[in-house]
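Student: So the chains spell out like this:
There are 2 protein chains.
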Amino acid sequence: MKLITSRNNVLYREIRQLAGSAQARRKSARTILDGVHLCQAYLEYIGNPIFCVVNESSKNQPEIAEIFEASQVRGVSCIILRDFLYETVSQVEEGVGVLFVIEPPVYPVPEKMTQTAVLLDRIQDPGNLGSILRSASAAGIGDVFCSRGTAAAWSPRVLRAGMGAHFLVRIHENIDLEKLVDVSGVPVVAMVPTAKDRIYDFDLRQPLAWLFGHEGQGVSDTLQSKARVMLKIPHAGKQDSLNVAACAAVCFFEQLRQKAG
Amino acid sequence: MKLITSRNNVLYREIRQLAGSAQARRKSARTILDGVHLCQAYLEYIGNPIFCVVNESSKNQPEIAEIFEASQVRGVSCIILRDFLYETVSQVEEGVGVLFVIEPPVYPVPEKMTQTAVLLDRIQDPGNLGSILRSASAAGIGDVFCSRGTAAAWSPRVLRAGMGAHFLVRIHENIDLEKLVDVSGVPVVAMVPTAKDRIYDFDLRQPLAWLFGHEGQGVSDTLQSKARVMLKIPHAGKQDSLNVAACAAVCFFEQLRQKAG
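These protein sequence lines are chains A and B, in that order. Take 1 as the starting number for the first sequence in the UniProt record's numbering and just add one per residue. Take 1 as the starting number for the second sequence in the UniProt record's numbering and just add one per residue.
No lab work stands behind these hints, which were simulated from the structure alone. Heads up, the beta-carbon is just placed ideally off N, CA and C, and yes, glycines get one too. One thing to keep in mind: the hints can contain errors.
Said to hold, decoys possible - Rough simulated footprint, nothing fancy, chain A against chain B, three-plus residues with beta-carbon under 8 Å:
1. 138–150
2. 159–170
3. 247–259
Please take these sequences and the hints and turn them into a complete structure.
Tutor: The structure is reproduced here in structure tokens:
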């Protein structure tokens, strides 16, 4: 266990950079899990972080003490930051004082999709990406493939919105979706508001790859032409489209409903 | 038409305050619609804004010119801001230069709910609120009742996420939900992850009031005890809950699916 009291400490500066800079996260292939819930989920589903960091004044709060002790028992490097330092690295508003430094898990990209999966074509908004991961996870979907141009999945905002889903689905980033769709072993279903067919008329009990597109532009033309199926969620009002994360949730749970029979 | 060139102009200062301050919006009962899509939707579904404001360098762009001219023809006060002034009031990232100053429509609160409606108990996140409004609107739901403590529906962030839904549903703010539930003429369905019954086993073809709660705490105990029905969306994975906007979308479209038969 180590107490850091100075702004000049090298480790403190690394943590601050990881918390504040997407470039630093990319370069080091590390990220920050901020807050009790994410740290608990990481310990439960993945394993040991690189560092466990707490702020001095909340290290004895029961939930935080539990995470801190579990980390020590497992041999994780544990760090206490003076409060004025911790405040500069945590983005959790209520100042819950625990965070992990981790290396996001990297999974081998399957050569061919054979199970239900999610393909994300340039999803921009971190909140949308996190919500889609959370819904996919709740629906029992195993793999999410993100195109280049999709928001960085392991950023603090996406992690916050994902509520632990990051540790329950396999996230594949910077994927060439066109190539993946070309060799898909399952039907690829592009969600397109102008499609003729409704999700309710398609047999969703089979494994398939759900394809969702950019918030403004939708699924790219090339990907649409490669997808074997285009479906829509029929509307009742004048509103012309749904939020992409709302659309994804409707699709995943309609599939689950059909499967449950 | 009026060109404003100075930071000291009273009207400019009012607009800047409306754009940046929740308190100013509340006090004046006015808000800002920022960007082409919201302004077009307002003209189409509601009517005339108080002011139409464009930035000088983009006033001749076709979409913006069209909105500006339509406003002039309708007798709306039209204002051109020098670009350096406009930049301080617009939050649209790509700097699309048109905004409206409006008074949000206020609807009489029905004494009793008789149609399908949405009740929101302390929804905090502006993106969630906007997404719920958008999904409700796409599902043809007419009324959304927001408790005190729910995010301000007419803030720029909620408006942006709502994508015009604000003009297609009747939004009622600062509503005493307990009172409303007490006199409800339709079943009130509280969405609770620990409920026994699934949304698929309940007859959703009837008019009902969907009740969704706070992102962390869910529907309050009092409201749960007053609601006549508690339902859940069954999950398949270890993820313990859905994002509230994702949950709402699943509910609204399951209702629509059942109604379509």
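Student: Indicate, hint by hint, whether the structure satisfies it.
Tutor: Going down the list of hints, with the structure as the test:
Check on the segment 138–150 of chain B: 4 of its residues sit with their Cβ under 8 Å from a Cβ of chain A, so the three-residue criterion for coverage holds. Coverage of the segment 159–170 of chain B by chain A holds. Counting CB-CB distances below 8 Å, 5 residues qualify, and the rule asks for three or more. Using a Cβ-Cβ cut-off of 8 Å, 8 residues of the segment 247–259 of chain B lie near chain A, which meets the minimum of three, so the contact claim holds.
Going down the numbered hints, you'll see the structure goes against none, and every one checks out.
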